[in-house]
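*Asks:* Sequence:
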Amino acid sequence: MKRRNFIQKTALTGGAISLGGNFAYSNLTGNPLKSHKFNLNYAPHLGMFKELAGDDPIDQINFMADQGFTAFEDNGMMKRDVALQTKMGETLAKRGMTMGVFVVDKGGNMKNTLAAGKQEYIDIFLDGCRRAVETAKRVNAKWMTVVPGGFERKLPIGVQDGNVIEALKRGAEILEPHGLTMVLEPLSDSPDLYLQNSDQTYMICKGVDSPSCKILFDIYHMQKTEGHLIHNMELTWDEIAYIQIGDNPGRKEPTTGEINYKNVFKWIHEKGYNGVLGMEHGNSKDGKAGEQAVIDAYIQEDSFL
1 MKRRNFIQKT ALTGGAISLG GNFAYSNLTG NPLKSHKFNL NYAPHLGMFK ELAGDDPIDQ
61 INFMADQGFT AFEDNGMMKR DVALQTKMGE TLAKRGMTMG VFVVDKGGNM KNTLAAGKQE
121 YIDIFLDGCR RAVETAKRVN AKWMTVVPGG FERKLPIGVQ DGNVIEALKR GAEILEPHGL
181 TMVLEPLSDS PDLYLQNSDQ TYMICKGVDS PSCKILFDIY HMQKTEGHLI HNMELTWDEI
241 AYIQIGDNPG RKEPTTGEIN YKNVFKWIHE KGYNGVLGME HGNSKDGKAG EQAVIDAYIQ
301 EDSFL
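The sequence shown: position 14 = 14 (the numbering used here), numbered continuously.
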């Protein structure tokens, strides 16, 4: 082989390894690299690495584990086939991964609002809690997301608060015997949502007064609605049971927006948090390179020690 051609071929091979990261390297050599050891329990979701891992949910979970991720979350778990739920749970257990949140099926974020105090809405919510217990058993889940619904403009806010607290107390009664926790998520998606801020969610959790009702602090949403992330997490820390991630603007992986995630992750680690941080965001770039960029971003922002 001529020296010029050899140099060109070597450069192309090196570029392929760089572009694909650990996954491409392991494919080329046949020897998987040692997975990265993260300081926190970041949880990807299905679809985040489908170009690198393939469409099969089990292959995707195994790929996440191979990269060093120690947790997984799946908002739509309750709507999946029971056989798939069981297989996913078995795979997570085999790979030593913690199951993060799935969403309690109550009809959607804006529907069946608990703030209205209507029995029909409460019944739908409680039915979702009962079914969530069975789903949690299959996948060994401990947390499930609850969004109370829309703002009920015909009622004073204090009455709405009371209605929400009473409904959540009844939900907690279902979950407590099983050691499960619903995590309330304040959202920034619409001004018509009842639950929007961390201090409001803190008040609701104090009112319910149950280990089965805590806060899901979604950093992306809370950056949009209130900012002062570390300050507000400190104020509400004793009620926070779950954290989710997304940079702002754009709701993509850390390093793509304005949030200093390395500093936030460092603070969370110093608090002794050993729970899950759900990667509830999209990828900023398409394809395999975009998926590798997500992995690289977490490796970078997790290097705070």
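Check the hints yourself; a few may be wrong.
Said to hold, decoys possible - List time: in silico EDC-like cross-link candidates among lysine to aspartate or glutamate, alpha-carbon distance up to 20 angstroms:
| hint | residue 1 | residue 2 |
| --- | --- | --- |
| 1 | 271 | 296 |
| 2 | 142 | 199 |
| 3 | 169 | 209 |
| 4 | 142 | 161 |
| 5 | 288 | 55 |
| 6 | 79 | 51 |
Since the hints were made in silico from the structure, they are not lab data.
*Asks:* For each hint, tell me whether it holds in the structure or not.
*Replies:* Going down the list of hints, with the structure as the test:
no.	hint	result
1	271 <-> 296	violated (24 angstroms)
2	142 <-> 199	violated (24 angstroms)
3	169 <-> 209	holds (8 angstroms)
4	142 <-> 161	violated (26 angstroms)
5	288 <-> 55	holds (13 angstroms)
6	79 <-> 51	violated (23 angstroms)
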